[in-house]
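Peer 1: Protein chains in written order, with our numbering: chain E, -17 to 333; chain G, -17 to 333.
Simulated from the structure, these hints should not be mistaken for lab results. Do not rely on the hints blindly, as some may be mistaken.
Same chains, same label: a pair holds when it works inside one copy or across any pair of copies.
Calculated lysine to aspartate or glutamate pairs in the DMTMM-like style (CA-CA distance at most 20 Å, straight line) [what the hints assert, rightly or not]:
{"no.": "1", "residue 1": "Lys202", "residue 2": "Glu284"}
{"no.": "2", "residue 1": "Lys202", "residue 2": "Glu254"}
{"no.": "3", "residue 1": "Lys143", "residue 2": "Asp91"}
{"no.": "4", "residue 1": "Lys24", "residue 2": "Asp154"}
{"no.": "5", "residue 1": "Lys202", "residue 2": "Asp251"}
{"no.": "6", "residue 1": "Lys290", "residue 2": "Asp251"}
{"no.": "7", "residue 1": "Lys227", "residue 2": "Asp(-11)"}
Remember, predicted model here, so these are calculated numbers, not experimental data.
Protein chains: 2
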Amino acid sequence: MPTLQNDLFLRACRRQHVERTPVWMMRQAGRYLPEYRAVRAKSDFLTMVRTPELAAEVTIQPVDLIGVDAAILFSDILVIPEAMGMHLVMEEARGPRFPMPVRSAEQVDALPVVDPDRDLRYVMDAASLVKRHLQGRVPLIGFSGAPWTLAAYMVEGGGTKNFSAIKEMMLDEPATLMALLEKLAVSVRHYLEAQIAAGVDAVQIFDTWGGILAPDHFRKFSLDWIADIVGRMNRGGVPVIVFSKGIHGTLKELSTIGADVVGVDWTVDLAEARELVGDRVALQGNLDPAYLYASPERIRQEVGAVLKKYGDGPGHIFNLGHGILPDVPPDHARAMVRAVGELSPAYHRRG
Amino acid sequence: MPTLQNDLFLRACRRQHVERTPVWMMRQAGRYLPEYRAVRAKSDFLTMVRTPELAAEVTIQPVDLIGVDAAILFSDILVIPEAMGMHLVMEEARGPRFPMPVRSAEQVDALPVVDPDRDLRYVMDAASLVKRHLQGRVPLIGFSGAPWTLAAYMVEGGGTKNFSAIKEMMLDEPATLMALLEKLAVSVRHYLEAQIAAGVDAVQIFDTWGGILAPDHFRKFSLDWIADIVGRMNRGGVPVIVFSKGIHGTLKELSTIGADVVGVDWTVDLAEARELVGDRVALQGNLDPAYLYASPERIRQEVGAVLKKYGDGPGHIFNLGHGILPDVPPDHARAMVRAVGELSPAYHRRG
């Protein structure tokens, strides 16, 4: 593999000096880009995920089109439950669905642990292909859903407002839920290790639904399993990013489990977050994704506000506080990236 | 008016000694009750809201059927925008909608400030009727939406995941949004004052959507306006409860604006919240509403956990961390109320 030409992202993950703050966007390979929609028009979402050439193509699009400092592999967190044998249906209007959700101890027992090299080979192939195409221009990030978030989808079976099924399981059948989370934790760990072996330069664990839990239950049913993965994982020296959305009260604890970077959503004050985590981890975030609906001038102002909140010195990776929204004008994403490039060097002058 | 026979709720609001922790539930006059659904089967939601006899009937149902320590007036936060002349459509499946949302400075200019005694007389009539029917059994709580939350509905026009329209207005047309918020703040204040004049024993300001904002914007566009209302309101000695959902980082500030009680959602650790607010306010909350899906035995355990988090002494009003969900079995709500009654006296022994 060629040496990285732009390693700002990796240096920031390691809290090393950078000349400017690196920037990428969660869900940057996505529907807001007309070039993505052109690929999507010719094949459905899951075909794109499973076809390394297509996945690689859309993975690289935002590097070319938006100018981000890292690529993130185009895929979906639900490939793991699917690899466990669950039938996954993707409908744009209704979101992803598992028509046969997991609800009983017997169903959990019957689920296999994922062997990523056998069951998710297409992901590793896509990662290798992206690395080859990128030729070291920027690093590639691999990812997985966190066990709790994956379990929520598997037990609920689809979109939900109240998470009634998984919360009922959590309270009335905690051993069943724990057995499911353990299988997921082993699967996620092996999956991330396989991605690292395939050449990704960093990995992120997404816990989209961590924030629906009361803090004590978040610790037990989500955080502890993320910590288990991070603690046991053979990382081969690549940085690990953890992102639980909506968990203000447990952010500090998330910074103590051995990850290199903690993602922060936009409802957290980044200055407070930095104070909470000290020098244990770098922070990634946290512009409100909806701000990309505003004018480029206002976006620039809000980028400035986020950079100022983090303040001087290393350890900040600029990102949105959650995924980029599908109807944002690409020019607005470019305005954000440009503003980070222009406004951030002031925070990285040495001495 | 007869003297209150059960004033536990009011004493807890004032942080006075109680023999046990009082309990009520947000949205307790609602669809989970078959007796409510029987009334609803005969008239649509808005007719129920506008007919004092029907509103009074369902307001009192949970006092009789569940045994809560306070009644809350059956109504809807959207009566204010409706009284400003916005056409409101209520569809069970899609939720409330304003087919003609407010998007421009001209539209905001054209909106009148609400005169509650003229425009919302039916609410005050319902409040008086409830007071008469209750005969002092328990206190009656009046309420309003917070300006930010009302503005979000008025600008978005209905259910939304991303709040793109109001956030765009907030960034690109802040003066327009501020003009709207000011009209709403005056309307809400007069509305709450009219409810107090009609006899309610406490009022609550609901800020359902406060938590979608970054902290600095929450302060400016939501908190400051709630503070304005609480600061100027002629309360006639009745306690004021403020509840912003999902605002962990600004909970402490919410406790400093002169309200008597701060509501806390279930994602906040109640022990931490108590430490944050000190002896400035009482706290109301915070069982995860989804826990009422679990078995009565588990509900009892979780009630015990919430009571223990708050700990000894006065100033706790037991509630859910958000509204009761429409498909919860009434027996589970009763199990919660019973558990509070049985487990809480241990936390109120004097000396």
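Peer 1: Can you give the numbers of the hints that this structure goes against, from lowest to highest?
Peer 2: The structure conflicts with hints 3, 4, 7, although it agrees with all the remaining ones.
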